[in-house]
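Protein chains: 2
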Amino acid sequence: MNPHIAPVDLAKSYRLINHGPTVLVSARHGGVDNVMAAAWCCALDFAPPKLTVVLDKATATRALVEHSGMFVIQVPTAAQLQLTHQVGTLSLSTDAGKLATSGVQLFGMDGFDLPFVDGCAGWLACRLIPEPHNQQAYDLFIGEIVGAWSDTRVFSGGHWHFEDADPALRSLHYVAGGQFYAIGQALRVQESKE
Amino acid sequence: MNPHIAPVDLAKSYRLINHGPTVLVSARHGGVDNVMAAAWCCALDFAPPKLTVVLDKATATRALVEHSGMFVIQVPTAAQLQLTHQVGTLSLSTDAGKLATSGVQLFGMDGFDLPFVDGCAGWLACRLIPEPHNQQAYDLFIGEIVGAWSDTRVFSGGHWHFEDADPALRSLHYVAGGQFYAIGQALRVQESKE
Numbered sequence: 001m002n003p004h005i006a007p008v009d010l011a012k013s014y015r016l017i018n019h020g021p022t023v024l025v026s027a028r029h030g031g032v033d034n035v036m037a038a039a040w041c042c043a044l045d046f047a048p049p050k051l052t053v054v055l056d057k058a059t060a061t062r063a064l065v066e067h068s069g070m071f072v073i074q075v076p077t078a079a080q081l082q083l084t085h086q087v088g089t090l091s092l093s094t095d096a097g098k099l100a101t102s103g104v105q106l107f108g109m110d111g112f113d114l115p116f117v118d119g120c121a122g123w124l125a126c127r128l129i130p131e132p133h134n135q136q137a138y139d140l141f142i143g144e145i146v147g148a149w150s151d152t153r154v155f156s157g158g159h160w161h162f163e164d165a166d167p168a169l170r171s172l173h174y175v176a177g178g179q180f181y182a183i184g185q186a187l188r189v190q191e192s193k194e
Numbered sequence: 001m002n003p004h005i006a007p008v009d010l011a012k013s014y015r016l017i018n019h020g021p022t023v024l025v026s027a028r029h030g031g032v033d034n035v036m037a038a039a040w041c042c043a044l045d046f047a048p049p050k051l052t053v054v055l056d057k058a059t060a061t062r063a064l065v066e067h068s069g070m071f072v073i074q075v076p077t078a079a080q081l082q083l084t085h086q087v088g089t090l091s092l093s094t095d096a097g098k099l100a101t102s103g104v105q106l107f108g109m110d111g112f113d114l115p116f117v118d119g120c121a122g123w124l125a126c127r128l129i130p131e132p133h134n135q136q137a138y139d140l141f142i143g144e145i146v147g148a149w150s151d152t153r154v155f156s157g158g159h160w161h162f163e164d165a166d167p168a169l170r171s172l173h174y175v176a177g178g179q180f181y182a183i184g185q186a187l188r189v190q191e192s193k194e
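Protein chains in written order, with full-length UniProt numbering: chain A, 1 to 194; chain B, 1 to 194.
The hints are simulated quantities; they were obtained by calculation from the structure and are not laboratory data. Since the model is a prediction, treat every value here as computed from it, not as a measurement. Please note that a few of the clues may not be correct.
The list makes no distinction among identical chains, and a pair is therefore deemed to hold if it is satisfied within one copy or across any two copies.
Unchecked claim - Taking lysine to any residue pairs in the SDA-like style, the calculated list, with each CA pair at most 25 Å apart, reads:
hint, residue 1, residue 2
1, LYS57, LEU128
2, LYS57, ALA11
3, LYS50, ALA60
4, LYS98, ALA137
5, LYS12, ASN2
6, LYS12, GLY108
7, LYS12, PRO130
8, LYS98, VAL189
9, LYS12, ALA58
10, LYS50, GLU144
11, LYS12, ALA38
12, LYS57, ALA96
13, LYS57, THR94
14, LYS57, ARG188
15, LYS57, PHE46
16, LYS50, GLY178
17, LYS12, GLN179
18, LYS57, THR89
19, LYS50, VAL146
20, LYS12, ASP56
Between the sequences and the hints, there should be enough to build the whole structure, so can you do that?
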């Protein structure tokens with residue numbers, strides 16, 4: 001495993017996605033692993049930490065999530081631009097070699113029977129909170145974050161350090177049609193003197 | 001009104017928030033206008049376009065949304081860093097002069113009885129889709145986007161043009177504790193030759 005990976009305090013785990021990155025969703029069921037890209041993933045609560053993610057009915061990953069009740073949300077990096085686009089474009093339903101074609105390498109974390117994508121900047125292991133109406137009507141899935149880790153070269157002490165890290169570790173923010181932005185300049189508010 | 005503002009095709013309106021910016025939520029009811037910041041806002045569907053936003057029970061804006069059934073999601077800019085942090089910190093419940101203190105200027109759009117925040121890069125007028133369980137259990141609100149506009153200096157033709165625009169027009173991405181990032185470098189995937 002990447003020696004830079006360290007656990008993130010669950011109370012601060014929402015910060016891995018608070019700035020709105022495009023994420024990779026991975027899941028495992030019945031001996032099948034899959035990974036997809038999702039731009040529509042968002043923090044939902046602090047304690048216990050929760051998030052939402054939209055999983056279209058056409059995705060193979062959705063079925064794995066529904067059957068296993070578990071998934072991983074991970075934050076891919078600028079170095080993974082092509083990988084992110086490919087796992088968001090190819091489908092396991094029609095391309096059994098999708099993960100290999102996309103260059104995805106999976107690894108494990110002790111205590112979690114889940115596929116984690118190597119090379120990301122952060123990982124959130126999630127337990128599905130079943131909400132059948134949301135899932136059916138809106139493709140909206142709610143997960144409780146039960147494990148969190150980061151690449152400490154870019155996220156440590158509960159904060160991102162994009163400004164001091166290799167630009168290849170920056171998070172990706174998708175618009176449409178192959179158009180992404182990397183996260184940019186650090187801005188800090190001036191605290192009032194009151 | 002800012003002469004650079006133009007309507008955005010509703011089919012492409014999700015692109016104003018697809019890259020995960022922190023947003024401002026505004027609403028109006030009974031002669032009261034309010035604006036709050038929200039990092040937890042996310043696209044939910046393409047057609048009709050929908051989004052989710054998390055509105056804590058402690059916010060005054062939430063009550064305006066619940067009573068009027070309408071709200072605006074807008075994308076503030078790097079130039080609005082302090083304003084965004086202030087409307088996310090002050091509460092109308094305890095500070096009646098919140099909007100003036102924060103430097104918020106409101107304007108109107110024909111056909112919408114809603115307060116729009118001047119100086120933003122994009123605006124999404126939304127109709128609340130009532131989902132009482134989500135609202136009560138998760139503070140999660142679903143809106144259908146019924147009107148969309150952008151500042152054409154930074155979003156036009158259905159795409160952001162951060163790379164060619166004034167950096168002051170870049171979107172803001174909040175982490176925690178006054179730590180924001182502006183959106184950064186444009187990245188484009190290499191289309192496969194297949």
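Here is what the structure says about each hint:
no.: 1; hint: LYS57 with LEU128; result: both (16 Å within a copy, 24 Å between copies)
no.: 2; hint: LYS57 with ALA11; result: between (31 Å within a copy, 20 Å between copies)
no.: 3; hint: LYS50 with ALA60; result: both (23 Å within a copy, 23 Å between copies)
no.: 4; hint: LYS98 with ALA137; result: neither (28 Å within a copy, 38 Å between copies)
no.: 5; hint: LYS12 with ASN2; result: within (21 Å within a copy, 39 Å between copies)
no.: 6; hint: LYS12 with GLY108; result: within (22 Å within a copy, 38 Å between copies)
no.: 7; hint: LYS12 with PRO130; result: within (24 Å within a copy, 30 Å between copies)
no.: 8; hint: LYS98 with VAL189; result: between (43 Å within a copy, 17 Å between copies)
no.: 9; hint: LYS12 with ALA58; result: between (32 Å within a copy, 21 Å between copies)
no.: 10; hint: LYS50 with GLU144; result: both (4 Å within a copy, 23 Å between copies)
no.: 11; hint: LYS12 with ALA38; result: both (21 Å within a copy, 17 Å between copies)
no.: 12; hint: LYS57 with ALA96; result: within (18 Å within a copy, 46 Å between copies)
no.: 13; hint: LYS57 with THR94; result: within (15 Å within a copy, 45 Å between copies)
no.: 14; hint: LYS57 with ARG188; result: neither (40 Å within a copy, 27 Å between copies)
no.: 15; hint: LYS57 with PHE46; result: between (28 Å within a copy, 14 Å between copies)
no.: 16; hint: LYS50 with GLY178; result: between (29 Å within a copy, 22 Å between copies)
no.: 17; hint: LYS12 with GLN179; result: between (29 Å within a copy, 14 Å between copies)
no.: 18; hint: LYS57 with THR89; result: within (15 Å within a copy, 38 Å between copies)
no.: 19; hint: LYS50 with VAL146; result: within (9 Å within a copy, 28 Å between copies)
no.: 20; hint: LYS12 with ASP56; result: between (28 Å within a copy, 18 Å between copies)
When held up to the earlier numbered hints, the structure conflicts with 4, 14 and fits the remainder.
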